[in-house]
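One-letter residues, chain by chain:
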Amino acid sequence: MRAPETAAGARILSFGGYQPDNVVTNEDLATTIDTSDEWIRTRVGISSRRIAPATETVDDMAVQAGGKALAGSGLSPADIDLVIVATCSTEAPIPNSAASVAHRLGIVSPGAFDLNAACAGFCYGLGTASAAIRGGSARNVLVIGAEKMSAWVDWTDRSTCIIFADGAGAAVVAPADEPGIGPVVWGSAGDLAQRITIADRDSYLWQDGQAVFRWATTEIHPIAIEACERAGVAVEDLAAFIPHQANLRIIESIARKLGIPRERVADDIVHAGNTSSASIPLALARMAERGELESGSPVLLLGFGAGLCYAGQVVTVP
Amino acid sequence: MTEQEILAGLGEIVEEIAGVPAADVTPAKSFVDDLDIDSLAMVEIAVAAQDKFGVEIPDDQLKDLATVQDVVNFVTKNAEG
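Protein sequence lines, in the order shown, are assigned to chains E and X.
Its first residue numbered 1, the first sequence is counted upward by one per residue in the working numbering.
Its first residue numbered 1001, the second sequence is counted upward by one per residue in the working numbering.
FYI, nobody ran anything at the bench for these hints, they're computed from the structure.
Please note that a few of the clues may not be correct.
Said to hold, decoys possible - Below, in silico cross-link-like pairs of lysine to aspartate or glutamate (EDC-like), each with a Cα-Cα straight-line distance of 16 Å or less:
no.	chain 1	residue 1	chain 2	residue 2
1	E	LYS257	E	GLU236
2	E	LYS257	X	ASP1051
3	E	LYS257	X	GLU1016
What the hints assert, rightly or not - Residues from chain X shown here face chain E by an in silico Cβ test under 7 Å; the list is partial:
no.	residue
4	GLU1044
5	VAL1047
6	GLU1056
7	ILE1057
To be verified - Derived Cβ-Cβ restraints for the label pairs, each shown as a range:
no.	chain 1	residue 1	chain 2	residue 2	range
8	X	THR1002	E	ARG230	39 to 45 Å
9	X	GLY1019	E	GLN194	32 to 38 Å
10	X	GLU1015	E	ALA239	51 to 57 Å
11	E	GLU5	X	ASP1059	50 to 56 Å
12	E	GLU226	X	ALA1066	24 to 30 Å
13	E	ALA131	X	SER1030	50 to 56 Å
14	X	ASP1034	E	ALA189	32 to 38 Å
15	E	GLU226	X	GLN1050	19 to 25 Å
16	X	ASN1073	E	SER188	33 to 39 Å
17	X	PRO1027	E	GLU263	33 to 39 Å
18	E	GLU226	X	ASN1073	55 to 61 Å
Computed from a predicted model, the values in this text were never measured in an experiment.
The beta carbon of each residue, even a glycine, is placed where N, CA and C say it ideally should be.
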């Protein structure tokens, strides 16, 4: 058997992000549930979030974000041979999102699969894309994190409906002469699996907030340190830290433990909400648009959430 | 560890996590009512206390610790040696 054509490394060419136009503020929520702007901002850090209308699907949002990433990549749809959609909130179990999204983007017969690692999904997807390129299974990969969490949330439950939101973020990944995506450090805590659940198709999202907070603020920062070590990048040399936008308190706690200055930490959650697997690429896309990411600089991505699953890697800004 | 040492250590932790000056962390103070520290910050404080004093404070016991003295007592009672 012949050995595959491998690549020395993989790198991100471009980002793309999309959230629905519909803005829901804390004040909007306070009209229907017992909460307040101040309570939400201090507990979670969110001021407003985007919620998709009933007619807008996970696939729709994935197409928007994927299209933008593709447009910014310099590649044509024909160049993409693998599409990965990280999601845990699709409307239907089959067909998967990836194949339909690929078709709608004019990408012709790529490998296509969905990946469910919840809030760690995008980092899992990026790790998988990088490995596929380096191992010779793919040439150019479109990785999308897309979620419609609002469809799974009980809008009378103030412990969840203030947090979750909708959107998609994407990245185009291509071969490179040297690594532009560091080794992924991924793992899980299945003993805590029941801490964040959607029990079945007729159930709402539920989480043991306190237990998840404790896990995220104790078990996750060592993963960041390991991801930096394995990439050969010092934590102090990171130009930015983009953790899953779960909750601003969690984000700030992890950043504090890593000694990363607050100004280098993504806080997209403030006006985006918690969009699960979309949160990291959405934050990246917006930071790139605003010119906050210096080309060629190393940034750390770190996803963690339901599963409980986590994954992180250092990537070079395109 | 003496109670004074625990109190001082707790004061450092609270200052770092919640930004409350260590000098304000006195025994009779209620975390929620006097120090404006919510349940999420209490979890972080409990975790930091575990690192510092070697005493685990699980979530279900944490909710009963209303004042600074309650935490000091808990740590004193459960500390080894």
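Structure-based check of all given hints:
| no. | hint | in the structure |
| --- | --- | --- |
| 1 | E/LYS257 <-> E/GLU236 | 12 Å, holds |
| 2 | E/LYS257 <-> X/ASP1051 | 13 Å, holds |
| 3 | E/LYS257 <-> X/GLU1016 | 11 Å, holds |
| 4 | GLU1044 | 6 Å, holds |
| 5 | VAL1047 | 5 Å, holds |
| 6 | GLU1056 | 11 Å, violated |
| 7 | ILE1057 | 10 Å, violated |
| 8 | X/THR1002 <-> E/ARG230: 39 to 45 Å | 43 Å, holds |
| 9 | X/GLY1019 <-> E/GLN194: 32 to 38 Å | 34 Å, holds |
| 10 | X/GLU1015 <-> E/ALA239: 51 to 57 Å | 30 Å, violated |
| 11 | E/GLU5 <-> X/ASP1059: 50 to 56 Å | 52 Å, holds |
| 12 | E/GLU226 <-> X/ALA1066: 24 to 30 Å | 38 Å, violated |
| 13 | E/ALA131 <-> X/SER1030: 50 to 56 Å | 52 Å, holds |
| 14 | X/ASP1034 <-> E/ALA189: 32 to 38 Å | 35 Å, holds |
| 15 | E/GLU226 <-> X/GLN1050: 19 to 25 Å | 22 Å, holds |
| 16 | X/ASN1073 <-> E/SER188: 33 to 39 Å | 37 Å, holds |
| 17 | X/PRO1027 <-> E/GLU263: 33 to 39 Å | 37 Å, holds |
| 18 | E/GLU226 <-> X/ASN1073: 55 to 61 Å | 38 Å, violated |
Hints 6, 7, 10, 12, 18, counting from the list given before, are not met by this structure.
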